[in-house]
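J.: Now for the letters of each chain:
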Amino acid sequence: MSKLRAVVFLVGTLLVSACASGPKFAEIKGNISAMPDGQARIYFYRTQIVGAAVQPSIILNQENVGSCEPKGVFYKDVEPGKYEASVETEVERRLTLVLGPGEEKYVRCHISMGLIVGHGNLELVDPAEAKADIQDLSYTGS
Amino acid sequence: MGSIREGAVMKPVDTVLTVEGIHVREAYIVVRDDRWVGFWLPNEEAFSPVADPVPVKLNPNRE
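Residue numbers (my numbering), protein chains in the order written: chain L, 33 to 174; chain Z, 49 to 111.
These are computed hints drawn from the structure, not numbers from a lab. Think of the CB as a built atom: it goes at the ideal place given N, C-alpha and C, for glycine as much as any other residue. No false leads were mixed into what you were given.
Think about it this way: if two alpha-carbon atoms lie no more than 27 angstroms apart in a straight line, the pair counts; the simulated DSS-like pairs of lysine-lysine are:
no. : chain 1 : residue 1 : chain 2 : residue 2
1   : Z       : Lys59     : L       : Lys114
2   : L       : Lys163    : L       : Lys108
3   : L       : Lys61     : L       : Lys163
4   : Z       : Lys59     : L       : Lys108
5   : Z       : Lys59     : Z       : Lys105
6   : L       : Lys114    : L       : Lys163
7   : L       : Lys56     : L       : Lys163
8   : Z       : Lys59     : L       : Lys163
9   : L       : Lys61     : L       : Lys108
Away from chain Z, derived, C-beta distances all over 12 angstroms, residues of chain L:
no. : residue
10  : Pro55
11  : Ala58
12  : Glu59
13  : Ile60
14  : Ile81
15  : Ala84
16  : Gln94
17  : Lys108
18  : Gly146
Whole structure, please, built from the sequences with the hints as guidance.
T.: And the structure:
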């Protein structure tokens with residue numbers, strides 16, 4: 033029984049240590065800078081802890097803008113226009129979207145089962161749902 | 049928000065719409081003669097028809 037407890041403790045410790053660190057978004061949202069005039073903003077976040085060891089980079093129009101950290105959120109201010117976001121582990125998954133001036137969009141990253149490594153996935157999320165999702169996540173910087 | 053040869057392009061308000069194959073693409077709906085006839089993919093600037101057009105009732109206040 034004590035071995036089982038030790039394993040549970042170890043797994044729990046590993047999961048927690050694999051999560052994003054930083055202040056909760058709800059605590060710092062008042063300090064987040066306003067979107068620059070004429071620009072647009074994309075939030076990237078991950079609520080999921082499952083597959084915590086898999087944290088693929090998020091590529092936005094060929095630029096590495098951050099990583100898919102469990103329980104983490106960050107944003108990127110961009111010029112309005114067409115964008116392609118992608119994550120890659122065993123396979124590459126892409127999401128295409130368009131942003132207008134002053135528009136905010138929310139992209140959720142999650143990890144699904146893979147053959148050897150979990151697969152990263154990106155999805156566009158309704159603003160109301162996303163705003164609720166990110167409150168408890170750690171802000172990892174833009 | 050505009051029109052194409054296949055119909056009027058309607059962008060969702062306060063929500064998002066995507067179509068998913070191998071990859072995920074943001075999409076708007078295309079309506080013609082009160083029927084949803086397909087998707088407009090704004091990033092790709094391409095129309096993708098639905099197999100069977102579906103009757104839709106639009107809210108004129110949110111067009």
